[in-house]
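A.B. asks: For reference, the chains in residue letters:
8 protein chains.
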Amino acid sequence: MEQKNLKDLLMEVAAGRADVTDAMDKINNSGFAELDFAKVDLAREKRNGYPEVIYGEGKTAEQIVGIMQVMTQNKLNILGTRISKEKFEIIKESNKNAIYFEKARCVTVTNHEIPTTESYVAIVTAGTSDMDVAEEAAITAETYGNKVERVYDVGVAGISRLFNRLDVIQGAKVVIVIAGMEGALASVVGGLIDSPLIAVPTSVGYGTSFGGVTPLLTMLNSCASGITVVNIDNGFGAGYSASMMNHL
Amino acid sequence: MEQKNLKDLLMEVAAGRADVTDAMDKINNSGFAELDFAKVDLAREKRNGYPEVIYGEGKTAEQIVGIMQVMTQNKLNILGTRISKEKFEIIKESNKNAIYFEKARCVTVTNHEIPTTESYVAIVTAGTSDMDVAEEAAITAETYGNKVERVYDVGVAGISRLFNRLDVIQGAKVVIVIAGMEGALASVVGGLIDSPLIAVPTSVGYGTSFGGVTPLLTMLNSCASGITVVNIDNGFGAGYSASMMNHL
Amino acid sequence: MEQKNLKDLLMEVAAGRADVTDAMDKINNSGFAELDFAKVDLAREKRNGYPEVIYGEGKTAEQIVGIMQVMTQNKLNILGTRISKEKFEIIKESNKNAIYFEKARCVTVTNHEIPTTESYVAIVTAGTSDMDVAEEAAITAETYGNKVERVYDVGVAGISRLFNRLDVIQGAKVVIVIAGMEGALASVVGGLIDSPLIAVPTSVGYGTSFGGVTPLLTMLNSCASGITVVNIDNGFGAGYSASMMNHL
Amino acid sequence: MEQKNLKDLLMEVAAGRADVTDAMDKINNSGFAELDFAKVDLAREKRNGYPEVIYGEGKTAEQIVGIMQVMTQNKLNILGTRISKEKFEIIKESNKNAIYFEKARCVTVTNHEIPTTESYVAIVTAGTSDMDVAEEAAITAETYGNKVERVYDVGVAGISRLFNRLDVIQGAKVVIVIAGMEGALASVVGGLIDSPLIAVPTSVGYGTSFGGVTPLLTMLNSCASGITVVNIDNGFGAGYSASMMNHL
Amino acid sequence: MEQKNLKDLLMEVAAGRADVTDAMDKINNSGFAELDFAKVDLAREKRNGYPEVIYGEGKTAEQIVGIMQVMTQNKLNILGTRISKEKFEIIKESNKNAIYFEKARCVTVTNHEIPTTESYVAIVTAGTSDMDVAEEAAITAETYGNKVERVYDVGVAGISRLFNRLDVIQGAKVVIVIAGMEGALASVVGGLIDSPLIAVPTSVGYGTSFGGVTPLLTMLNSCASGITVVNIDNGFGAGYSASMMNHL
Amino acid sequence: MEQKNLKDLLMEVAAGRADVTDAMDKINNSGFAELDFAKVDLAREKRNGYPEVIYGEGKTAEQIVGIMQVMTQNKLNILGTRISKEKFEIIKESNKNAIYFEKARCVTVTNHEIPTTESYVAIVTAGTSDMDVAEEAAITAETYGNKVERVYDVGVAGISRLFNRLDVIQGAKVVIVIAGMEGALASVVGGLIDSPLIAVPTSVGYGTSFGGVTPLLTMLNSCASGITVVNIDNGFGAGYSASMMNHL
Amino acid sequence: MEQKNLKDLLMEVAAGRADVTDAMDKINNSGFAELDFAKVDLAREKRNGYPEVIYGEGKTAEQIVGIMQVMTQNKLNILGTRISKEKFEIIKESNKNAIYFEKARCVTVTNHEIPTTESYVAIVTAGTSDMDVAEEAAITAETYGNKVERVYDVGVAGISRLFNRLDVIQGAKVVIVIAGMEGALASVVGGLIDSPLIAVPTSVGYGTSFGGVTPLLTMLNSCASGITVVNIDNGFGAGYSASMMNHL
Amino acid sequence: MEQKNLKDLLMEVAAGRADVTDAMDKINNSGFAELDFAKVDLAREKRNGYPEVIYGEGKTAEQIVGIMQVMTQNKLNILGTRISKEKFEIIKESNKNAIYFEKARCVTVTNHEIPTTESYVAIVTAGTSDMDVAEEAAITAETYGNKVERVYDVGVAGISRLFNRLDVIQGAKVVIVIAGMEGALASVVGGLIDSPLIAVPTSVGYGTSFGGVTPLLTMLNSCASGITVVNIDNGFGAGYSASMMNHL
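Residue numbers (full-length UniProt numbering), protein chains in the order written: chain A, 1 to 248; chain B, 1 to 248; chain C, 1 to 248; chain D, 1 to 248; chain E, 1 to 248; chain F, 1 to 248; chain G, 1 to 248; chain H, 1 to 248.
Hints were generated in silico from the structure; no laboratory data involved.
Quantities reported herein were computed from a predicted structural model and do not represent experimental measurements.
Virtual Cβ for every residue (Gly too), placed ideally from N, Cα, C.
Where hints are given, some of them may not hold.
What follows is a list of derived Cβ distance ranges for each label pair [said to hold, decoys possible]: (1) Lys7(F) <-> Asn111(G): 54 to 62 Å; (2) Ser119(C) <-> Val168(D): 24 to 32 Å; (3) Glu113(C) <-> Gln69(A): 38 to 46 Å; (4) Ser119(C) <-> Ser84(D): 35 to 43 Å; (5) Asn97(D) <-> Glu93(G): 35 to 43 Å; (6) Gln69(F) <-> Glu57(E): 33 to 41 Å; (7) Glu62(G) <-> Glu113(C): 58 to 66 Å; (8) Asp36(C) <-> Asp19(G): 20 to 28 Å; (9) Lys85(C) <-> Gln69(F): 44 to 52 Å; (10) Gln69(D) <-> Glu118(B): 35 to 43 Å; (11) Val168(D) <-> Glu86(A): 53 to 61 Å; (12) Asp8(A) <-> Gly145(C): 43 to 51 Å.
Bound-form chain A, shown alone:
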């Protein structure tokens, strides 16, 4: 609880204007809905700026539907990630407004409109195979009201493709670079821009790419400054952080 609010609340209690039980609830900050299988965090938008996101992996379609109902009742916008097409078929029956983004494997429901930013997030990929992760990042950022520019398949093996699109990248407020294999693109882009760069390693590759560990290490050790990194294939995390930065 924020200190100012706490003080106000206690003064209300002291003045007899607030009930002790209500005050306890508020201090306990129990802003969540209790389902059989989950405690939906309704206060997250207030606390973090964004409502709770539904991570679909390991949840049944029914569980997802249940959480979506609670969120819709609370007029929260919904973003569900890592949701298969099969699950979405079940979900959309009870959520007519739900939209599915197949490449991104995301579901969204707009329960209230939010404005779009003037500034944009550039999402840059090394290869065609990184596109799914890139779309997860793009849909996340767009859902949170960000303008997005996609610059795909500009890996360093043919670096002129990158230079050709450099203006778009340099014009962004935040840049996301997504790459598998050796992940060198992050360093090269990082050396050419003056805005924050979020690097996303992908599990694209074979042998010693070790399911994305190699580009992760590459990105953590970049000789270029201004690069921060998220988990392997974590397009959502990159889009989320980019949105935070783009709204600063």
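We have chain A already, so just place chains B, C, D, E, F, G and H on it with the hints.
C.D. replies: Here is chains B, C, D, E, F, G and H on its own, set in the frame of chain A:
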């Protein structure tokens, strides 16, 4: 080279106002100074917003002095990291304005003043032993004109210490969380704020902390959103990225 | 063999009251039943306080049925873990009293009643996906006569959910914390209680969670004291150890 | 804050018997002392049953002295771990009552007497070289009021040594097993007792013992039940958890 | 852009013989074709000596067809790797000239003839199971105009098989050695020849071969000189580099 | 070629009794049969004491049949390992004398009888799930003429089962110990016998057993002497080495 | 205790010829001497064929002296490994008969003569730097009465050196191969002999040799049969096992 | 032995022109000199094109001197690597012609002149700290008669430095790229050239660079083709292979 500048330059050439050799140099963008042992990147401030930083590890004091001379001649502000006290003793002889920050192991020279931000970066550590990395981050951010608030030793073993300082953390435009051992602090702080969080794992710990790998993994897998991560003990990187974000 | 018993036995032999062959058997302590494919350890309850547990992975339904017959003949209570629904269909044909717990993937047969403790074990999970491992722990503890309180989905991303249930957790004699991803919940709970905490990492997560290695490392390096750790996804082991502690 | 206390406090505020500022402090639970370099957690004994422990690694003797002063002023018993003899020489000048345990590298100050348990903790080691870790566990347990029995150098290469001391081990309320190299002793002891076993891997060994990773893995995968594990060389953690269990 | 060409171009501009927009395009070096899902690098043959290769993994048959069309239009020879038989069935419908190599999982289209070298590349394998990787290397090298000699199944367990074929190996201009399991063959061959050796570890093996990591490490640490290494199972890379060397 | 034979051969040549081409062949020692897909090492029995073994993984049934034909023509006894039941169905059509061992996944053909040893190899397993690997070892040893004693399911969790069979183990000329999970059985047996012990880690286990890496490390670091180790699940290798030792 | 002895003992007790207390001692098999810091296993020679070995690492010279006194009193031959020259200077003052082997870092005391075998152990190394480990193996084997032949510096980079000494290697009853870097020598030798081969990886190498992990993996995955492996740099273990085999 | 020479030799024997003992020696190919501590491989220049190289690590100055004497007697050129300045002080006393290269830590003795190539090897480094490894590569290549061009400190953080020197790199017959940290430079250069590229990872970096493992993985997974890789810090290996290729 930016597309607009390239166009202008070519039109100058076409108009006979620019010399072909000069144009070649500009297109080659040779904005660096060649020393025996290094090519100092003088164009970096223009390109990245910040001048080249001198990474002191693996360089002799003499090499550092040489690079500092070139930068001073070009009126660039200087930040040197990972510089031991012994090296600084030699450096300061030829750089009277150089200042040494012992805990941070940083050297700075102010060759032109830069303004300080209104908004601030909060730097939060789990324990006393994380302080050196925190100071590297703090000095970096301050050198680049950021106001910094330090919130040290608020690890989750005594979580009330953290809640007591939560207002300062929640008021920041950007938050850096620095922790060794299991690094859980990043997730807890990440769940309580609505601004970007840069997590820095440190090599503090023993046994299975594996020199910082454990908190790194913790931070990459955080259940809280909005967290991006830098290399182990990379206080500089965190301060640099935080500065980029704080200036957005 | 305990020293006192050995002395008594030898004095019986010396006094001619005990037969040499019988004495050999007792000293060899051959308290097991020999099947074609297994040696069932019938003395384990006496030695360890609990009868042998049937680990179902890598055993056929027929082998499990065989072991259960021997145990039932010896009036031992039965707990089988990691048993699929398919195997249970076969098992229950010859074991009418066998009960199946689907989420926990456990089978139990009560061959003699045991009392339930007054004190309870609290089982705390970070997320919905950790529930299967939690149920394995819960069924194990309940089978061994422990009262269990379940506190599920209280991960640190929405820490108020945890604080809301803190009274239940602080009231337990033993606490089990189960978490995947970064596993930070163990440290946070550990800092808030004065009873032993058994931490169970789960394989929930992706990328650098490395199938549960990341939360395992987190838990081993916790800055909070009083935490001990078991193998990844080892709900049974946690429930077993918790039962031992709850019965102290 | 416990729910009952919170309710009482709010009723005091409502009744006008408590001051708003005081109530804020209590809710914020600011039970710590702020030093330049640390926030000493004075509420930990109340919360966790034991006062904060001073982890000596990475702290200067002066910092340790400072923390000890605050704790002594608050009449808290002191346990410092991983403190070198050199640091102790400085510490004892301002702490005449401080006692140093050289093998355990621990410092203790008794600021109030605590009773010793009837039941005991057995500490069992595989070899002579595991003794330092064992002593850290033993001093920790003794400092917290536990009777301790030491059973050292009974590794499985000469298993008769173990059987010879089995009565002592089986009579303990809690058993700590400490082993390096392959760490097999934990499994063997675990198969012979009916009390909780805390296993501590040590960094004793060479080559593929990987600084204690091998016995750690051995202990996590033990075929015997009832074993929980702590970090490599973490004698303190084992002694602390054993004390918690022995006091149940 | 090459310096000489840049100079010429700028002089054309200065002389008014070249248009500014055209010059911009040339300097930007936009030698690629933009598809929906890919940017095909048409300048690669000029830059690297070989046209872009289509890496089939993670691309749909339709995407591969699209890229092949662009390349055929540009009269580039085509090599596609890691293409399953199923995908080829679709590909060949619109590419009558496409040839499929099943063991190598490669597709080729000859859009212009290239001469074959006099000197040859020897491809040596340790076992029968390494043959698929070997064929990928062989087809790659042959597609690029190299004569290839195959020496298969001559692993060190029966070293006389190797000595029997030594003349063929010693007569090669470049040697590729392909081995899984422990990969010792590379060192043995390396000690017997005076030409460059490219070593390819394969994922053949089990247990601690770790999917090819073991032969990779073996090859990187070879006591014989003149050995360089490529990624696990990277037959293409070995064939490509061998072709470069064979054409020197 | 053995020095004595070389000398003899050269003297034959010098004396004109041997042909130069024949001598070349003999020196080249080309004792192998060349198939399309393999070079069958016919000289191995002479060189190593045992004929070449057919490792079935990664070979088609047809390839196995081809190698078996060559070996039968050369009157060599045949052992094929890692051969699935499906492949055997094809194999037996052209090899009426082939026998299949299902648990061991081995095929044998006896083309000439060999005598059985008086002394025996004891094969000891920790659990029921280690039986497949044990049978691979047993069939290998028996095929090579060794008497084998099986002592299965005597893991250290119920150590009395082991002591009950200790006489059989101590009477063996060579002992093979096979264990997954933590693999402690090897150390315990190693401490109780005076004959060579070959330890085989198995991939039985979950979580941090890492597919057999944990018992492998345990066995390599055993505090008991006289233990040597083979690859994970390598029952064949253990049986082969045990046969070598049993025939000494 | 062996079953036959146990039966005899019990019959003695039953007949009144043996005392109960004596029988207890014998059954407990307390064949060790209790020192302050160690329990010396005096029964090991009887049980394992060799007396306990003193592993010097982590023991003080005084502790080693103490153990040697007990062993000398019991007329046991002494072998101490990993003993520095500094420790030996202290040891020899109270052990006039102690001999030091500097390269091997071993100490021996002959308290009774043992015969030397006719058959020999061949110890083969890849390079000059593997010699220390080789000498540890050689001294161990010689101390236990084995004839040893040293074949040093015959690594596969110059394989003719190996072939030149092949007669000596092929004539051995047991072969030890010691190699660092990539460890390929073990496979090559293994393919050429018909006696058991013990492979010892050494920590010789740099970069990706990872302190001996690379040759260890090489040796575990050898395509040649009949190879078993010991821990990195474990010359003692190889010598010990070789002695066991040479005495079969 | 080459087949042609073998045939000739045997025909000499058959004709009575060659002695049997001499023939044996030649077939055994005993082209090495036996020292106490080493077998110097004198035939290597004939076999591999280059004489044996003295790897200085783990050899005493005296051993190095001994090997140099044998090589000088055989008129072989000498290259010693990883030789400290201290060792060189001793070496030069008995080798007046020995030259020491301090950065490269190499010693050379020219016992016969060799010609220098027209074509050159370009050695490219990312940073100043990679220079020692680069010099080892350069001295190796120069010793073997190659012209070398050094292009140092052109890492991708300031990519214009690289483009500025691109002509030199593109003009080389072979390119060596040396980089630590994330090693991205190899991919960028690889995408811009049409000659073979040898990549050398260095141990420059901290945290997750893991002593060079990160750039090694980067280089093995490069999206650019034509790159082969050597061990971490293996400047010698790169220079050696480059020389082989440059002489093709």
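A.B. asks: Out of the numbered hints, which ones does the structure contradict?
C.D. replies: Violated: hints 1, 8.
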